[in-house]
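K.L.:
Sequence:
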Amino acid sequence: MITPQQARTALAVVRLTNGTLALLAPTVLLRRLGFDRTAGRAGVYPFRMFGVRTVLLGADLLLLTGDQRRRTGRVAVIIHAADTVSAAAAGINGDLPRRAAIMTTALSACNTALAVRALAE
Numbered sequence: 020m021i022t023p024q025q026a027r028t029a030l031a032v033v034r035l036t037n038g039t040l041a042l043l044a045p046t047v048l049l050r051r052l053g054f055d056r057t058a059g060r061a062g063v064y065p066f067r068m069f070g071v072r073t074v075l076l077g078a079d080l081l082l083l084t085g086d087q088r089r090r091t092g093r094v095a096v097i098i099h100a101a102d103t104v105s106a107a108a109a110g111i112n113g114d115l116p117r118r119a120a121i122m123t124t125a126l127s128a129c130n131t132a133l134a135v136r137a138l139a140e
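Residue numbers (the numbering used here): 20 to 140.
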């Protein structure tokens with residue numbers, strides 16, 4: 020079984036990777052979600068906002084200690100659970116293509132599980 024420290028580190032790496040991509044190369048993520056670049060760039064701005072948040076949260080998991088890290092861990096569960104619900108709702112409402120909704124819901128659910136496991140640290 021994965022240890023709480025391994026879960027925290029894995030979650031930090033996922034956050035730093037996806038956050039950096041969203042911040043610096045949002046069109047890469049848009050293509051992964053099935054959106055054609057020629058269809059418009061409306062998703063670039065929200066992805067960059069997501070990227071900033073996600074990079075900072077990932078860094079917090081690696082750099083903070085003690086009570087600050089525990090608080091960040093509790094907040095992480097809420098954030099990732101909300102992301103999971105949002106991704107599922109986007110799929111149900113047709114706001115995301117089916118494949119993209121499944122991928123983002125699964126990724127967010129995995130992140131939620133990692134965040135919950137990291138709390139045991």
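It is possible that part of the hints are untrue.
As the list claims (entries may be wrong) - Using C-beta positions, here's what the derived DEER-type ranges look like:
| id | residue 1 | residue 2 | range |
| --- | --- | --- | --- |
| 1 | 67 | 114 | 11 to 21 Å |
| 2 | 25 | 85 | 27 to 37 Å |
| 3 | 118 | 84 | 35 to 45 Å |
| 4 | 78 | 50 | 37 to 47 Å |
No lab work stands behind these hints, which were simulated from the structure alone. Cβ coordinates follow ideal geometry from the N, Cα and C atoms, glycine included.
K.L.:
So, for every hint listed, does it hold in this structure?
P.N.:
Taking the hints in turn, this is what the structure says about them:
1. 67 / 114: 11 to 21 Å: holds, 19 Å
2. 25 / 85: 27 to 37 Å: Because 19 Å falls outside the window, the suggested range is violated.
3. 118 / 84: 35 to 45 Å: Check passed, 40 Å falls within 35 to 45 Å.
4. 78 / 50: 37 to 47 Å: violated, 26 Å
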